[in-house]
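Participant: Top to bottom, those sequences are chains B and S.
Numbered per the numbering used here, the first sequence spans residues 1 to 472.
Numbered per the numbering used here, the second sequence spans residues 1 to 472.
Please note that a few of the clues may not be correct.
The list treats identical chains as one, so a pair stands whether inside a single copy or across any two.
Stated by the list, open to error - Result set (DSBU-like, lysine-lysine): computed pairs, CA atoms no more than 35 Å apart in a straight line:
#, residue 1, residue 2
1, K265, K117
2, K265, K53
3, K103, K53
4, K207, K340
5, K261, K103
6, K117, K340
To be clear, the hints were calculated from the coordinates, so they are not data collected in a lab.
Number of protein chains: 2
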Amino acid sequence: MTKILETHTMIRLAVCIVIGAAIWLVPAPENVDQAGWHVLAVFVATLVSFLIKPLTMGPMVLLAIVFLSATGTLRFADALYGFGDTVVWLVVAAFLIAGSVAKTGLGRRIALAMVAKLGHTTLGLGYSAAVAELILAPFVPSNTARGGGVMAPIMNSLAHALDSKPDDNPERAGSYLMLVGAHSNLVTAAMFLTGMAGNVLVSRAAKDIFEVDFGWGTWLLGSIVPGLVTLAVLPYFLHRLVKPTMRDGRAAQQKAETELKSMGKLSQHELIMATVFALLLILWVSSPLHGLGTGVVALIGVSILILTGVQPWSETTGNSGAWDTLIWLGGLVSMAKALKDKGVIDWFANSVQVYVTGFDAVMVAVLLAVIYFYSMYAFSMLTGHIAAMAGAFFTIAIAAGSPPLLMIALFAYFSDLCGCTTNYSSGPVCIYYGLGYVKASHWYQTGFLVSLLHLGIWLSIGMGWWKILGWW
Amino acid sequence: MTKILETHTMIRLAVCIVIGAAIWLVPAPENVDQAGWHVLAVFVATLVSFLIKPLTMGPMVLLAIVFLSATGTLRFADALYGFGDTVVWLVVAAFLIAGSVAKTGLGRRIALAMVAKLGHTTLGLGYSAAVAELILAPFVPSNTARGGGVMAPIMNSLAHALDSKPDDNPERAGSYLMLVGAHSNLVTAAMFLTGMAGNVLVSRAAKDIFEVDFGWGTWLLGSIVPGLVTLAVLPYFLHRLVKPTMRDGRAAQQKAETELKSMGKLSQHELIMATVFALLLILWVSSPLHGLGTGVVALIGVSILILTGVQPWSETTGNSGAWDTLIWLGGLVSMAKALKDKGVIDWFANSVQVYVTGFDAVMVAVLLAVIYFYSMYAFSMLTGHIAAMAGAFFTIAIAAGSPPLLMIALFAYFSDLCGCTTNYSSGPVCIYYGLGYVKASHWYQTGFLVSLLHLGIWLSIGMGWWKILGWW
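Isolated chain B (complex conformation):
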């Protein structure tokens, strides 16, 4: 008989269980439902599991809601609540669309075309990567699908074309291209509500706690100025930092042109995909006119892809990323709703109120946002970070009287920008780092300097822009 569980898995599971049990056994504070307190214990244990990863997020969240149901802490129907949630299905639909973007080759074609147009120098290639990310971001709402699935393989093959390999001259171009790819992915993730799967959790928390609709259009309105400035500066900033030794990108440009040619004309499926893209963008942007929600629109896109055979049904049901996300995001939504319904969030807000009164309300928001940003060092997943911190910090901001829209904006964008800090913060970051061009220590140093760039831009230009918008 072999061991059923690896020792390190068992130890990590035990850590989660001990932490959960410790909270569980503490009596619930006044005004907090005992069941609510128990949900909090399981929720914290689940968040700890995101950090130390005995298993991935999906199975841990499933275990959490099964445990909550089996102990009668939550009614089974309430534990399943999130699986019928509208934002959860927006993300599921996004994953389904991402599957077709990758499969039809349209995403790769767009990226190659950008490189062919802009790739004269490594700096040009850096900018072309940033622009490709920007163009793909509104359409490919999973930053992992976009950065890891579409862009990273292209960046890797570009480095190879420039005779720069992980073990042979990575500093020639490869390390620069990987860093540009990863960091611009996080910026575009921040710019769109649909730029990263977990962003909806911020939007949802904004709705739940501030009762503010921070939807697709509002999100972009706030990010457009500081986001474009960041994307304009970032490739140059990294170029100065990393100093790739090769400056001529014509080989890569050639390679992209050759690959583009070998792709031939737009296939019928790419054409349909492009049409669906256009339709989705039009419907998302025109939402105030027709009133269709973001999720319905995304599912209309999925329906068209299925009807036209671009996405056979077997690929829809076989898109395991979509169902993984349904489970962990759905389960988190169920737990977050229970925490709110059972008074835990209100209790937390009341508890911290005494600590933040007296500070300037705007200052509190900025301070909380910076703490939030650097707390990412302790998290292994952008979404886990959001789930753990955003709601709690929002309640502190409420207590301090911080301007809701300023607070939401800071947290919305910092939720993704903070991924610059480490090499394990998000799927595409892990992939770019894993390609092996950049040493861990180098990644951390660069990441810290990028974090200063982000704070510099978003706390000055960003806050100035939001002032103009009247958000504070």
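Let chain B serve as the given structure and place chain S on it in line with the hints.
Facilitator: Just chain S, lined up with the frame of chain B:
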């Protein structure tokens, strides 16, 4: 440019759309919400699509709920309601468990052991197939996974071992074995609430319309006597009908023994699977003691399989059958709930009341059940048949004053038994037929005689047993 949709797909879609539009345009009857009437139109169009299959059930249901949301007929959250439904997640959990049963080889081992013990003659093999089905049925809650995934491949290899092939001596043993496999699968599907994925729809309709809990235990209580009698008679009945020319099954028995030996001892994963089986059965049966719902119990089983590595998370999220079912069953549940909430079901019940008054209440139930049974000829899917007819017929029975438990029992069991009529009624039937041993005309003739056997047993012994139970 190739055609995006095949002509026959377009025609079939057009038929569904025309039928739906025709109903949509009729003004809603008095006391029926206009939106409810529109849901009915889309629901009927969806059911028509199950019959004529422009696409499979999953995409058609998805299109239906997207259409209902996009037109504002249903709120998006209401259209997604079924995806968080507890019975829907029971079925999803069942599919996940079925995946592990097949993968660990435990299901195959059980079937082989039965053949090795009972397979002296083709008649013995027939009985061994029926017993294997009976043993697997409570554990493998998808009749397609059980019949199509586990049993059919074994039956096929058994026929081969007996020198009976589709194009070479099928009458020697193959045609008999296929018919026994298919028809006993339908009987065991009928015997357990978890015997077939769609059975929960009957249980749900019983709850919605009669307010009767017809759960796992009650379902089995009603089926145990007539079900065992049917399984005891069926292999012999078919043997007399089909008259396989080979009577000695020792070769097959030998083959099963060899295969069993080559499987070696129970693997660790099989052992865990068997333990989970036992635990599920104990928890399902003891539900009145601890109060855990069927779905929670099933998810506890899934959690154990995931935790112990029997079912890696990638296989959970990669189980496309589970997610296909989530979508079509979830969407049907959303629509069925809307029909009820918006007064359509009540209107239907009131409308038919005038036609059934005057008849004997028990007679009405039996008559409805027989009509229900043979209406299966017009359906290509057991579940579609249930979804279309059970609720409506229940409302007629209410109007006629039929005993609820009698009516529910007749419909619960006939919902699966009626699959005997055609060679396209259910997944495993399609698979057994598709193996090619039995001609279509032969399948129909045999199926009709089996239907008479079923009606004979279940309307006499069955109704007698239910009388003893006090169900009417």
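Participant: Decide, hint by hint, whether the structure agrees.
Facilitator: Each hint tested on the structure:
Only within a single protomer do K265 and K117 lie at most 35 Å apart by alpha-carbon distance; the minimum there is 17 Å, versus 63 Å between protomers. Only between protomers do K265 and K53 lie at most 35 Å apart by alpha-carbon distance; the minimum there is 34 Å, versus 45 Å within a single protomer. In this assembly of identical chains, the alpha carbons of K103 and K53 lie at most 35 Å apart whether taken from the same copy (30 Å) or from different copies (26 Å). When the C-alpha separation of K207 and K340 is checked against a cutoff of 35 Å, the pair qualifies both within a copy, at 12 Å, and between copies, at 31 Å.
In this assembly of identical chains, the alpha carbons of K261 and K103 lie at most 35 Å apart only when taken from the same copy (18 Å versus 44 Å across copies). Proximity of K117 and K340 under a CA criterion of 35 Å is satisfied in neither setting, with 50 Å inside one chain copy and 58 Å between copies.
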